[in-house]
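Engineer: In order, the protein sequence lines correspond to chains A and B.
The first sequence lines up with residues 34 to 209 when you count with my numbering.
The second sequence lines up with residues 6 to 317 when you count with my numbering.
It is worth saying that the hints were derived from the structure and are not from the lab.
Cβ coordinates follow ideal geometry from the N, Cα and C atoms, glycine included.
A couple of the hints might just be wrong.
Under the rule of at most 30 angstroms between Cα atoms (straight-line distance), these lysine-lysine pairs were calculated in the DSSO-like manner [what the hints assert, rightly or not]:
#: 1; chain 1: A; residue 1: Lys104; chain 2: B; residue 2: Lys292
#: 2; chain 1: A; residue 1: Lys149; chain 2: B; residue 2: Lys48
#: 3; chain 1: A; residue 1: Lys104; chain 2: A; residue 2: Lys147
#: 4; chain 1: B; residue 1: Lys125; chain 2: A; residue 2: Lys120
#: 5; chain 1: A; residue 1: Lys58; chain 2: B; residue 2: Lys137
#: 6; chain 1: A; residue 1: Lys88; chain 2: A; residue 2: Lys188
#: 7; chain 1: A; residue 1: Lys149; chain 2: A; residue 2: Lys120
#: 8; chain 1: A; residue 1: Lys104; chain 2: A; residue 2: Lys88
#: 9; chain 1: B; residue 1: Lys137; chain 2: A; residue 2: Lys123
#: 10; chain 1: A; residue 1: Lys120; chain 2: A; residue 2: Lys188
#: 11; chain 1: A; residue 1: Lys104; chain 2: B; residue 2: Lys125
#: 12; chain 1: A; residue 1: Lys188; chain 2: B; residue 2: Lys48
#: 13; chain 1: A; residue 1: Lys208; chain 2: A; residue 2: Lys88
#: 14; chain 1: A; residue 1: Lys104; chain 2: B; residue 2: Lys140
#: 15; chain 1: B; residue 1: Lys140; chain 2: B; residue 2: Lys48
#: 16; chain 1: A; residue 1: Lys149; chain 2: A; residue 2: Lys208
#: 17; chain 1: A; residue 1: Lys104; chain 2: B; residue 2: Lys71
#: 18; chain 1: B; residue 1: Lys71; chain 2: A; residue 2: Lys188
#: 19; chain 1: A; residue 1: Lys54; chain 2: A; residue 2: Lys188
#: 20; chain 1: B; residue 1: Lys140; chain 2: A; residue 2: Lys188
#: 21; chain 1: A; residue 1: Lys120; chain 2: B; residue 2: Lys140
#: 22; chain 1: A; residue 1: Lys123; chain 2: B; residue 2: Lys134
#: 23; chain 1: B; residue 1: Lys48; chain 2: A; residue 2: Lys123
#: 24; chain 1: A; residue 1: Lys138; chain 2: A; residue 2: Lys181
#: 25; chain 1: A; residue 1: Lys120; chain 2: B; residue 2: Lys134
#: 26; chain 1: A; residue 1: Lys58; chain 2: B; residue 2: Lys71
#: 27; chain 1: B; residue 1: Lys48; chain 2: A; residue 2: Lys58
#: 28; chain 1: A; residue 1: Lys149; chain 2: A; residue 2: Lys54
Anything over 10 angstroms on all C-beta distances counts as not near chain B; from chain A, calculated [claimed, not checked]:
#: 29; residue: Phe65
#: 30; residue: Leu81
#: 31; residue: Ala82
#: 32; residue: Asn132
#: 33; residue: Asn170
#: 34; residue: Gln175
#: 35; residue: Thr179
#: 36; residue: Lys181
#: 37; residue: Glu184
#: 38; residue: Asp190
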Amino acid sequence: MKNALLSLFALALTLGLSAQKFSTKTGEVSFFSDAALEDIEAVNHQALAALDLDKGNIAFVLQIRSFEFEKALMQEHFNENYMHSDKFPKSTFEGSVLNPEVARKDGTHEIKLKGKLTIHGETKEIAVPATLVRKGNELTIQCRFTIKLGEFGIKNDKVENIAEAIEIRVNTTLKS
Amino acid sequence: MHFCKISSLASWILALAFFSSIPGFSQSLLDELEAEADAAQEKEYAFATFKGVRVINGHSVEMPAKGELLFIIQHRFGRINTGFSEMFGWDQASIRIGLEYTLPFSERFNLGFGRSSYGKTWDGFLKTKILKQSKPGSPVTLTSVNAMTINTLPWANPNQENFFSSRLAYVHQLLIARKFNSWFSLQFSPTLVHKNLVPETRDQNTFVVLGFSGRAKISNRVAINAEYFWLVPGQEIPQINNVDPQGALSIGVDWETGGHVFQFQLTNAQAMFDMGFMSETIGRWDKGDIHFGFNITRTFSFQKKGRKTPKS
Numbered sequence: 034m035k036n037a038l039l040s041l042f043a044l045a046l047t048l049g050l051s052a053q054k055f056s057t058k059t060g061e062v063s064f065f066s067d068a069a070l071e072d073i074e075a076v077n078h079q080a081l082a083a084l085d086l087d088k089g090n091i092a093f094v095l096q097i098r099s100f101e102f103e104k105a106l107m108q109e110h111f112n113e114n115y116m117h118s119d120k121f122p123k124s125t126f127e128g129s130v131l132n133p134e135v136a137r138k139d140g141t142h143e144i145k146l147k148g149k150l151t152i153h154g155e156t157k158e159i160a161v162p163a164t165l166v167r168k169g170n171e172l173t174i175q176c177r178f179t180i181k182l183g184e185f186g187i188k189n190d191k192v193e194n195i196a197e198a199i200e201i202r203v204n205t206t207l208k209s
Numbered sequence: 006m007h008f009c010k011i012s013s014l015a016s017w018i019l020a021l022a023f024f025s026s027i028p029g030f031s032q033s034l035l036d037e038l039e040a041e042a043d044a045a046q047e048k049e050y051a052f053a054t055f056k057g058v059r060v061i062n063g064h065s066v067e068m069p070a071k072g073e074l075l076f077i078i079q080h081r082f083g084r085i086n087t088g089f090s091e092m093f094g095w096d097q098a099s100i101r102i103g104l105e106y107t108l109p110f111s112e113r114f115n116l117g118f119g120r121s122s123y124g125k126t127w128d129g130f131l132k133t134k135i136l137k138q139s140k141p142g143s144p145v146t147l148t149s150v151n152a153m154t155i156n157t158l159p160w161a162n163p164n165q166e167n168f169f170s171s172r173l174a175y176v177h178q179l180l181i182a183r184k185f186n187s188w189f190s191l192q193f194s195p196t197l198v199h200k201n202l203v204p205e206t207r208d209q210n211t212f213v214v215l216g217f218s219g220r221a222k223i224s225n226r227v228a229i230n231a232e233y234f235w236l237v238p239g240q241e242i243p244q245i246n247n248v249d250p251q252g253a254l255s256i257g258v259d260w261e262t263g264g265h266v267f268q269f270q271l272t273n274a275q276a277m278f279d280m281g282f283m284s285e286t287i288g289r290w291d292k293g294d295i296h297f298g299f300n301i302t303r304t305f306s307f308q309k310k311g312r313k314t315p316k317s
């Protein structure tokens, strides 16, 4: 009897904690590079993301190999020559929403994200503004920011003439 | 009764310990996601086992991506040991130009053809990817090559009755390759060569050649390749100009620059299609019968890669 009560209690506790937790396995993260010869664009539809509104915590994890390119050869070079995805298979973001309370209501809100971005095995603190759209149990996070390849130890050997800075675009819907 | 109380207390403690270990209590959000990502890890296919569709002379397991067309120029100068008057082979260059197309509906089928100045030969082949190396999954990539060549030289004996079929030769090959790590790959290529017409009655029409090739990547864009085609002894392989054919031994460097792959090599073979370099190589490394050469490939893609709809 006591055990049953305890289980109920524990269940209620976990439910209570997860009520403000939103997540997805199909987040969309893309990047765009404005290069001299040809623009390079790739999209990843399999980003994992989670946001805990109570604590204001947010995290993203994506597999580098899951970026899809227009040309297969570009994808191969991206993985083999630039991102070294065999050594650094994942890219992550771990941080916090500085003003999570705005997201308690439905509507479009401006939020601020701050945290550690890890790409190619290098971690860097970033702070970016983002838009959060809440519709009931759905949160959509959209943001765009620019990173420099050099800051993440990604070498541009000038053979392919790729841009030094690329724009990362996040458009991810999380559900509770 | 007393014991009972203790055991129920113990179960309380156990239960608490159990629940406090549930992810979310002790782990960070990122740890949770990383664990989830690792658990959902899909089959990982090996890519870029070799940089080019040829290791040097022989086919590699690589093919252009689905719907892509590859243009290949292969060039071998004459023998280096011909000296200054021939500009160390400059004057007797041999060339092959070809196209290779992977079908738009399946990445597994690749059709190619080419024309070589060596023996005025047309060649065509079907390359089929049977297995792809993956983790977890197959430890090797398995590709087959079925090739046919048509020699269009004038008949050696125009006075006798000559048949078109005498111009034909066939090569059937299995390519078994493994990418061991990001810089090292090996390939084994057991091959059957069949020539419809052989000069002597003692000559075999069909014989076995075993190919061994490897690549070692030394930098982001440069790899060193080597390959050897071993003519299995004990076979009567048709002679060329009264000389026994030699195994084709080649070493080369791959240099990859985005859309192009440049391959430079030293080899004792001058033909650049399978039947030719496998069974008609008479140059010997120990005598300096070495050809310098290069392959250049350029890939063209016509279709936009369809973007997958997100999985739910």
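Engineer: With reference to the structure, classify each hint as holding or not holding.
Structural biologist: Evaluation of the provided hints:
no., hint, result
1, A:Lys104 with B:Lys292, "46 angstroms, violated"
2, A:Lys149 with B:Lys48, "29 angstroms, holds"
3, A:Lys104 with A:Lys147, "34 angstroms, violated"
4, B:Lys125 with A:Lys120, "47 angstroms, violated"
5, A:Lys58 with B:Lys137, "27 angstroms, holds"
6, A:Lys88 with A:Lys188, "37 angstroms, violated"
7, A:Lys149 with A:Lys120, "19 angstroms, holds"
8, A:Lys104 with A:Lys88, "41 angstroms, violated"
9, B:Lys137 with A:Lys123, "23 angstroms, holds"
10, A:Lys120 with A:Lys188, "15 angstroms, holds"
11, A:Lys104 with B:Lys125, "35 angstroms, violated"
12, A:Lys188 with B:Lys48, "28 angstroms, holds"
13, A:Lys208 with A:Lys88, "17 angstroms, holds"
14, A:Lys104 with B:Lys140, "24 angstroms, holds"
15, B:Lys140 with B:Lys48, "6 angstroms, holds"
16, A:Lys149 with A:Lys208, "23 angstroms, holds"
17, A:Lys104 with B:Lys71, "10 angstroms, holds"
18, B:Lys71 with A:Lys188, "29 angstroms, holds"
19, A:Lys54 with A:Lys188, "38 angstroms, violated"
20, B:Lys140 with A:Lys188, "28 angstroms, holds"
21, A:Lys120 with B:Lys140, "15 angstroms, holds"
22, A:Lys123 with B:Lys134, "29 angstroms, holds"
23, B:Lys48 with A:Lys123, "15 angstroms, holds"
24, A:Lys138 with A:Lys181, "35 angstroms, violated"
25, A:Lys120 with B:Lys134, "27 angstroms, holds"
26, A:Lys58 with B:Lys71, "28 angstroms, holds"
27, B:Lys48 with A:Lys58, "17 angstroms, holds"
28, A:Lys149 with A:Lys54, "20 angstroms, holds"
29, Phe65, "15 angstroms, holds"
30, Leu81, "5 angstroms, violated"
31, Ala82, "7 angstroms, violated"
32, Asn132, "18 angstroms, holds"
33, Asn170, "16 angstroms, holds"
34, Gln175, "16 angstroms, holds"
35, Thr179, "23 angstroms, holds"
36, Lys181, "19 angstroms, holds"
37, Glu184, "19 angstroms, holds"
38, Asp190, "6 angstroms, violated"
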